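Put together the whole structure using the sequences plus the hints.
Letter by letter, the sequence shown follows residues -26 to -1, 1 to 359 in mature numbering (1 follows the signal peptide of the UniProt record, and there is no 0).
The reader is advised that the hints may include incorrect statements.
[Unchecked claim] In silico DSS-like cross-links for lysine-lysine, where the CA-CA straight-line distance does not exceed 30 Å:
1. Lys215 with Lys250
2. Lys160 with Lys239
3. Lys250 with Lys239
4. Lys215 with Lys173
5. Lys141 with Lys199
6. Lys199 with Lys53
7. Lys141 with Lys325
8. Lys325 with Lys215
9. Lys160 with Lys199
10. Lys250 with Lys141
11. Lys160 with Lys269
[What the hints assert, rightly or not] Computed spacing ranges between beta-carbons, pair by pair:
12. Ser334 with Tyr185: 37 to 43 Å
13. Gly129 with Gln304: 28 to 34 Å
14. Asn272 with Asn175: 17 to 23 Å
15. Glu312 with Asp273: 33 to 39 Å
16. Asn259 with Thr234: 31 to 37 Å
17. Tyr185 with Asn275: 41 to 47 Å
18. Gly170 with Asn275: 44 to 50 Å
19. Trp238 with Asp326: 55 to 61 Å
20. Gln274 with Ala305: 50 to 56 Å
21. Asp326 with Arg10: 21 to 27 Å
22. Gly129 with Ser297: 39 to 45 Å
23. Phe248 with Ala305: 20 to 26 Å
24. Gly155 with Asp241: 21 to 27 Å
In short, the hints are calculated from the structure, not lab data. Note that this is a predicted model, so its numbers are computed, not measured. Here a beta-carbon is modelled for each residue, glycine too, at the ideal position from N, C-alpha and C.
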Amino acid sequence: MQRVTHLKTRTTLLCLTACIAQSLYAESESQPLIQRLPTIKVEATRSETHILDTPASVYRIDQAQHQNNMGVNLTETLKGIPGLQLNNRENYAQDLQLSMRGFGARSTFGVRGIRLYVDGIPATMPDGQGQTSNIDLNSLDHIEVLGGPFSSLYGNSSGGTILTTTKEGQGRDSIELGYSGGSHHKNRTNIILQGGADKANEPSYVVSSSYFDTDGYREHSQAQKVLSNAKLTWNLVDGSKINWLMNYVDISANDPQGLTRAQWKADPQQQVPFLKQFNVRKDINQTQTGLNWTKPLNDQNEIYSMVYLGHREVTQYQSIPMSTQNNPRQAGGVIDFERDYYGADLRWTGKDLLPNTRFSIGLAYDAMNEDRQGYENFILEQNKP
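Written out as structure tokens, the structure reads:
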């Protein structure tokens, strides 16, 4: 009897194993769903390339992923890029402090060692100083960050390159209004007009304008900023493409200056009493326009050309002691200059002339003329400042 019982148990286990195997076999017959991700293309390498096909250290950030930001500072968008560090001091009298792989870390003002481009137009002057204040995040489409050896494509002194691109008008004519606010009476209003081309050889357009003001967290840190940006795009029947770009920015900002650790612990919002007499502040006004043209000659050859010009005015009052300003070799305590800048770029690109090889030959010219003056930032009353 015991032997019969043992055979029944083995038969039951064998049947259960067969059932399990049958179930697993049925699962393997189902085909998994394959979802294809959109192809990401980058242009920072001087020609449009799939991001997986380039050996360059390049990153692309779409502005659509940052629509909930206030849209005032570039630090709201450029987050998490390896090797890129941005310090936002919330001081609108000074530009963002930006460094890439150490380049630009020692710059006390502006952006140095890193090339900046706005829709193909250099935001870095021929003297090497750049600024991010004219980048309109409101109408931005995407940003590309290029680092490593490939950044030499934009100059032998480039520790990295940041390229911003304004979106193109699409679909029916539309208007978008926006408002955002925050603490310390921070307000921002913006308007966007955009529309696509109805017929061939007609332009699509994007026109954006915004106004920002704040009282600031600290004493004497008020700021106002007006920024306007426009882009018209023609896609011609011969395959060529023309972009006409216009940009305007006007900034008036007070500068509270820095604090020592002891002063910060006593009152982090204060301005040092000694500095109040200088009324440190900065006014910026800049207007620029540019035109770029891309023409594919055939499947392998393409020509790109760009011209631009702009005018920039800056007046800045500094907290330089009177004894230093009185030195005949010192420029004083007020910086006042007007700058005209202009340039052109011409480039030919050949694709697959040799297997898996691209050639690019170009010529770029940038120039500026500057009228700079310096004044004393103090007045004498009874021979006393």
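Problem - Distance restraint evaluation - Tyr185, Asn275, Cβ atoms, bounds 41 to 47 Å - result: The hinted range 41 to 47 Å holds for Tyr185 and Asn275, with Cβ atoms some 45 Å apart.
Practice task
Determine whether the Cβ-Cβ distance between Asp326 and Arg10 falls within the hinted range of 21 to 27 Å.
Solution key: 25 Å, holds
Handout entry: Verdict for Gly129, Gln304 (Cβ pair) under range 28 to 34 Å
Key = With Cβ atoms ~32 Å apart, the hint holds.
Handout entry: Range hint 55 to 61 Å (beta carbons of Trp238 and Asp326) holds or violated
Key = Holds - the Cβ-Cβ distance for Trp238 and Asp326, about 60 Å, lies within 55 to 61 Å.
Practice task
Take a look at whether the Cβ-Cβ distance between Phe248 and Ala305 falls inside 20 to 26 Å.
Solution key: Taking Cβ atoms as reference, Phe248 and Ala305 lie about 21 Å apart, which means the hint holds.
Problem - Agreement of Lys160 and Lys199 with the hint, judged by alpha carbon distance not exceeding 30 Å - result: 12 Å, holds
Handout entry: Range hint 50 to 56 Å (beta carbons of Gln274 and Ala305) holds or violated
Key = 54 Å, holds
Practice task
Decide if the proposed pair is consistent with the structure: Lys215 and Lys173, CA atoms, cutoff 30 Å inclusive.
Solution key: With Cα atoms ~14 Å apart, Lys215 and Lys173 stay inside 30 Å; holds.
Practice task
Decide if the proposed pair is consistent with the structure: Lys141 and Lys325, CA atoms, cutoff 30 Å inclusive.
Solution key: Cα-Cα ~26 Å, so holds.
Exercise for the section: Indicate whether the distance between the beta carbons of Gly170 and Asn275 respects the range 44 to 50 Å. Expected result: Given a distance of about 29 Å, which is not inside 44 to 50 Å, the answer is violated.
Handout entry: Pairwise hint evaluation, Lys199 against Lys141, where the allowed Cα distance is 30 Å at most
Key = Between Lys141 and Lys199 the Cα gap is close to 22 Å, so the pair holds against 30 Å.
Exercise for the section: Take the C-alpha atoms of Lys160 and Lys269, compute the straight-line distance between them, and say whether it is at most 30 Å. Expected result: Answer violated: Lys160 to Lys269 is near 45 Å, above 30 Å.
Checked against the numbered hints listed earlier, the structure breaks hints 1, 10, 11, 15 and 18; every other hint is satisfied.
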